[in-house]
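Enquirer: Sequence:
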Amino acid sequence: MPSIPIFVASKAKGGRVTWSEELASSENRHIQQMLRSTGKMPRHVAIIMDGNGRWAQERGRLRIDGHKEGMESVRAAVKTSSQLGIKYLTLYAFSIENWKRPVPEVRFLMSLLESYLRKEVDELHDNGVRIRTIGKTNALPKSVQRVLQEAIDRTAKNEGLTLTLALSYGSRWDILRAMQVLAMDIRRGTLSPEDLTEEMVSSYLQTSFMPDPDLIIRTSGEVRLSNFLLWEAAYSELYITDGLWPDFRSAELYRALTDYVMRERRFGKISAQVRSDSSATTTSTLERILNALK
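Okay, so the sequence shown: first residue is 1033 according to the working numbering, each after it adds one.
Derived by calculation from the structure, the hints in this document are not laboratory data. Owing to the predicted nature of the structure, the values given are computational and were not obtained by experimental measurement. The hints are all genuine.
In silico BS3-like pairs for lysine-lysine, Cα to Cα no more than 25 Å straight-line:
1. LYS1132 / LYS1174
2. LYS1100 / LYS1151
3. LYS1174 / LYS1100
4. LYS1168 / LYS1119
5. LYS1151 / LYS1168
6. LYS1151 / LYS1174
Ranges of calculated distance between the beta carbons of each label pair, as one might list FRET restraints:
7. ASP1279 / GLY1221: 51 to 57 Å
8. ASP1291 / GLU1137: 31 to 37 Å
9. ASN1323 / ILE1207: 40 to 46 Å
10. VAL1135 / ASP1291: 34 to 40 Å
11. GLU1059 / ILE1218: 54 to 60 Å
12. GLY1117 / MET1216: 38 to 44 Å
Every residue, glycine too, gets a C-beta built ideally from N, C-alpha and C.
Build the full structure now, drawing on both the sequences and the hints.
Expert: Written as structure tokens, this is what we have:
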């Protein structure tokens, strides 16, 4: 399972170059322009960040080295998503099951989150990122809870990318919690079972503030959701890459997004109902993107 994401600021506080300004002089700007020109970009991308430990093991290094290297992949995903105009990015950072890991590793991950989030919140705020969380966050160490709340409060009014960190999260836990609250409302008489709808159930979940993910990316080649956004993933497109999370950079995100844009999302309809006259133009654009990534 994935581990805590950490953000590393590229500039000292004060005089920072914003991500949009940085993009203007970047070789990636043409790829991003082509992706956005398709008009089919996902609104919400969710990532299962997996493979930190295996990455370290393959190199004869400690697991914590894999977690450290994974920090750069998180930063690349956050920055690139923001530059592309993606509105929601959800990162599966620490699952409920991850508490079963060796105590020293869990302590290290918690200290990483606390230490580096303090350093990165300024850059995230400067670039309009709003930080939110889902999960049983009251299980986190008190010091981590304080840092998270400070970051949430600091960025609460930002209107750019909403970065949601899934911490001590499990989808079954959230669904069960939601059903318990829903059952209490029925018992109190404020809700009738006959009035239940999918939208109403969704409103009881912690994820109710954001749309369901359009695209779920998983690294490490594992083909499973691992108790992540089970209700919300009903119509999500899945992209599985064999690469490990510490090797995931902007180029791999571009590949995932290109693959997504190439797909035909039908939602129960037939192809003729969803195809548009712009499909040929989109295909040509995507071919140019793939060539640029070679």
